[in-house]
Amino acid sequence: MTTREVPPERVYACNPGSVNGAGEYILYWMIASRRRNWNFALQRAVHWAEELRKPLLVLEALSCTYPWASSRFHTALMQGMRDNLQSFEHSGATYYPFIERFPSHGEGLMHTLAESACVVVTDDFPAFEIPRWITAVAVRSRVLVEKVDSNGIFPMRSTDRLFTSAYSFRRFLQAVLRRHLEQFPLPDSLADVELPEGVCPPQIQRRWPAATLMELSSPHAQTATIPVDQSVPTVSSFAAGARAACGRLKTFMERGLPAYIESRTQPEADTSSGLSPYLHFGHISAHQIFRAVTSRSNWTPEKLRGKPTGGREGWWGVPLDTEAFLDQLITWREIGFNMCAHSTNYASYDSLPAWARKTLSEHAADLRPKLYSPGELENARTHDPLWNAAQLQLVQEGRVHNYLRMLWGKKILEWSRSPQDALEIMIHLNNKYALDGRDPNSYSGIFWTLGRYDRPWAPERPIFGKIRYMSSGNTARKMRVRGYVQRYTKE
Numbered sequence: 045m046t047t048r049e050v051p052p053e054r055v056y057a058c059n060p061g062s063v064n065g066a067g068e069y070i071l072y073w074m075i076a077s078r079r080r081n082w083n084f085a086l087q088r089a090v091h092w093a094e095e096l097r098k099p100l101l102v103l104e105a106l107s108c109t110y111p112w113a114s115s116r117f118h119t120a121l122m123q124g125m126r127d128n129l130q131s132f133e134h135s136g137a138t139y140y141p142f143i144e145r146f147p148s149h150g151e152g153l154m155h156t157l158a159e160s161a162c163v164v165v166t167d168d169f170p171a172f173e174i175p176r177w178i179t180a181v182a183v184r185s186r187v188l189v190e191k192v193d194s195n196g197i198f199p200m201r202s203t204d205r206l207f208t209s210a211y212s213f214r215r216f217l218q219a220v221l222r223r224h225l226e227q228f229p230l231p232d233s234l235a236d237v238e239l240p241e242g243v244c245p246p247q248i249q250r251r252w253p254a255a256t257l258m259e260l261s262s263p264h265a266q267t268a269t270i271p272v273d274q275s276v277p278t279v280s281s282f283a284a285g286a287r288a289a290c291g292r293l294k295t296f297m298e299r300g301l302p303a304y305i306e307s308r309t310q311p312e313a314d315t316s317s318g319l320s321p322y323l324h325f326g327h328i329s330a331h332q333i334f335r336a337v338t339s340r341s342n343w344t345p346e347k348l349r350g351k352p353t354g355g356r357e358g359w360w361g362v363p364l365d366t367e368a369f370l371d372q373l374i375t376w377r378e379i380g381f382n383m384c385a386h387s388t389n390y391a392s393y394d395s396l397p398a399w400a401r402k403t404l405s406e407h408a409a410d411l412r413p414k415l416y417s418p419g420e421l422e423n424a425r426t427h428d429p430l431w432n433a434a435q436l437q438l439v440q441e442g443r444v445h446n447y448l449r450m451l452w453g454k455k456i457l458e459w460s461r462s463p464q465d466a467l468e469i470m471i472h473l474n475n476k477y478a479l480d481g482r483d484p485n486s487y488s489g490i491f492w493t494l495g496r497y498d499r500p501w502a503p504e505r506p507i508f509g510k511i512r513y514m515s516s517g518n519t520a521r522k523m524r525v526r527g528y529v530q531r532y533t534k535e
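Per this note's numbering, residue 45 is the first one in the sequence shown, and the count goes up by one each step.
Quick caveat, the hints were computed from the structure, so don't treat them as lab data. Just to be clear, a hint being listed does not mean it is correct.
[To be verified] Here are the simulated DSS-like pairs of lysine-lysine, each with C-alpha atoms no more than 27 Å apart in a straight line:
| id | residue 1 | residue 2 |
| --- | --- | --- |
| 1 | LYS294 | LYS351 |
| 2 | LYS534 | LYS414 |
| 3 | LYS347 | LYS414 |
| 4 | LYS534 | LYS522 |
| 5 | LYS414 | LYS402 |
The task is simple: from the sequences and hints, build the whole structure.
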């Protein structure tokens with residue numbers, strides 16, 4: 045491969061279309077990896093532009109009709125678009141940010157752009173609405189549409205195997221990951237590239253005008269005029285975009301990583317990486333995070349140790365805090381991508397392991413100690429102060445502490461009329477409020493509470509059956525939570 049080529053297992057043809065050498069530009073439809081740097085999809089588009097000697101047009105569009113569209117998510121995405129508009133300036137590529145102002149405002153935009161393209165490149169993201177959007181464009185396009193996987197260290201489609209446990213996936217990765225550690229995207233695929241000049245076609249600019257830097261610099265004001273859910277407000281403590289993501293990574297490496305094992309499970313310490321929303325919005329790459337974290341230990345692939353055992357410690361040859369973080373970044377994050385890439389019903393109750401569905405069914409009629417309506421749960425009106433605090437953190441900050449997110453889901457199961465109802469409530473609350481919701485990784489967390497990636501546990505209990513049990517009382521005895529509860533429930 046040349047330095048700008050992308051590993052073949054990361055490139056997938058979405059239709060039988062051909063390359064149109066007479067087209068006006070290469071079109072990169074940026075829908076998941078919303079960044080200039082460390083981006084295989086952009087790298088693939090640059091490769092096409094160099095090969096065909098055509099301009100590169102980068103479209104980043106923001107719909108207002110996706111499920112759970114809200115002021116919170118729109119603001120974050122606009123902050124990223126602002127950074128991209130500045131980042132792509134003088135890059136040799138034409139960046140075109142489009143914001144849909146009302147339903148159907150953007151209808152026809154992609155089809156019209158694709159008609160004049162030599163080839164269309166987009167992001168291979170296996171969850172939420174994105175696969176449907178790509179299919180809709182690909183079936184109408186006469187030119188080749190490619191999707192490129194820039195999600196994680198391991199290419200999703202390098203295996204057809206669907207993994208059912210973190211142990212089996214970790215052991216598999218330890219056997220195959222080495223070569224992928226030497227096939228990273230370029231930090232900047234537009235650096236030292238000379239591309240033909242191009243602009244977005246005038247008819248596009250007239251019908252679908254691009255967002256300006258002034259508009260993108262005031263996302264709160266812009267979002268207030270768009271028909272999305274205004275009841276889910278912006279999180280004032282969270283700033284999105286590539287620049288904020290790099291700042292968060294730097295802070296984590298300095299303060300959180302050295303004590304990652306000791307502090308990450310303590311709600312009051314709050315030393316988790318905080319990178320999950322940035323990964324979800326595509327404002328930072330897992331490759332960039334990996335390179336930054338391992339460079340602190342002067343790590344090279346030669347330091348990998350031993351045979352693939354599936355063990356969580358000892359394989360990477362780095363300090364234990366770093367190893368624990370890499371297990372979260374790669375094993376636990378990417379097993380969710382494996383599920384979504386190879387199962388169309390990843391968000392369905394039927395996707396749970398057979399043992400989990402069996403035990404939950406056997407206990408579906410068990411008497412619940414409390415039953416709360418979806419509205420009561422959403423508004424944190426339960427008898428449990430710790431659970432209320434976790435739900436209020438989700439509503440206010442768009443996140444829940446890592447350990448408490450597991451407890452949050454377990455209690456919803458305990459307080460719902462059926463496990464199916466519990467799953468529906470968890471998905472809705474998470475996707476409505478969580479900054480990193482609607483993501484393969486967040487679906488993993490939700491379904492884990494019902495048995496995915498887990499095993500049967502004894503003793504068998506009412507409601508839970510053989511599903512792993514958690515309680516607020518046990519959590520409070522193991523962890524410091526008083527300050528956490530006071531912080532979120534003081535009002």
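Hints, one by one, checked against the model:
1. LYS294 <-> LYS351: Violated, at roughly 32 Å.
2. LYS534 <-> LYS414: Within the cut-off at roughly 24 Å; holds.
3. LYS347 <-> LYS414: violated, 52 Å
4. LYS534 <-> LYS522: holds, 22 Å
5. LYS414 <-> LYS402: holds, 23 Å
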